[in-house]
Amino acid sequence: MEHLFERQARLNVMKRPVRIVAYVFLIPGLIFAVFAWFMTSNASVFFPIMLFCLCATAVAREIVRLRLMKSYLTTTIYQQTVQKVARLTIIGYVVAWLIAVVMLSIPSSPGYLFGIFLFWVGGVGLGVIRMNRLAKQIDPAYVSMGEIERAWWKR
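Under the numbering used here, the first residue of the sequence shown is numbered 1, with each subsequent residue one higher.
You may find that some hints are simply not true.
Unchecked claim - Listed next, with one range per pair, are the computed distances between beta-carbon atoms:
hint	residue 1	residue 2	range
1	66	35	28 to 36 angstroms
2	118	22	23 to 31 angstroms
3	76	116	31 to 39 angstroms
4	9	116	37 to 45 angstroms
5	48	3	16 to 24 angstroms
If you are wondering where the hints come from, they were derived from the structure by calculation, not from laboratory data. We treat Cβ as the ideally placed atom computed from N, Cα and C, and that holds for glycine.
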């Protein structure tokens, strides 16, 4: 029962910083993307800007979570749970963004790179799910980013 109270305390600690990071990156990105969408000469700017904003938001959320949880958890639990998941997530988002930029900049090979992009995103997604399950076994009060976001939207 104690781990349920601990889990709720972690959710309460994380909701506000994650919301602030999401608004700081996504709102300006959406505004810029709307203007880029209606400019015919710069219409190709829409997707890369939105993809960058989404990836930057995810990376920033993970960094915020790393910093908050580092002071909140013991060193061993932090290294076995939050740090491993955050590293995989950050690497996954950065590489996915790089693949998408290359895919959009080389007009002759978007089909092959799109397959690589889907394979990479799927593999990283499955890896994060697996690592979240392992982290829940190590620390029953572990809070994944999905749980933080669901708690944020329920408020």
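Now for the hints, and whether the structure bears them out:
1. 66 with 35: 28 to 36 angstroms: holds, 33 angstroms
2. 118 with 22: 23 to 31 angstroms: Given range 23 to 31 angstroms: holds, Cβ gap about 25 angstroms.
3. 76 with 116: 31 to 39 angstroms: holds, 36 angstroms
4. 9 with 116: 37 to 45 angstroms: holds, 41 angstroms
5. 48 with 3: 16 to 24 angstroms: violated, 42 angstroms
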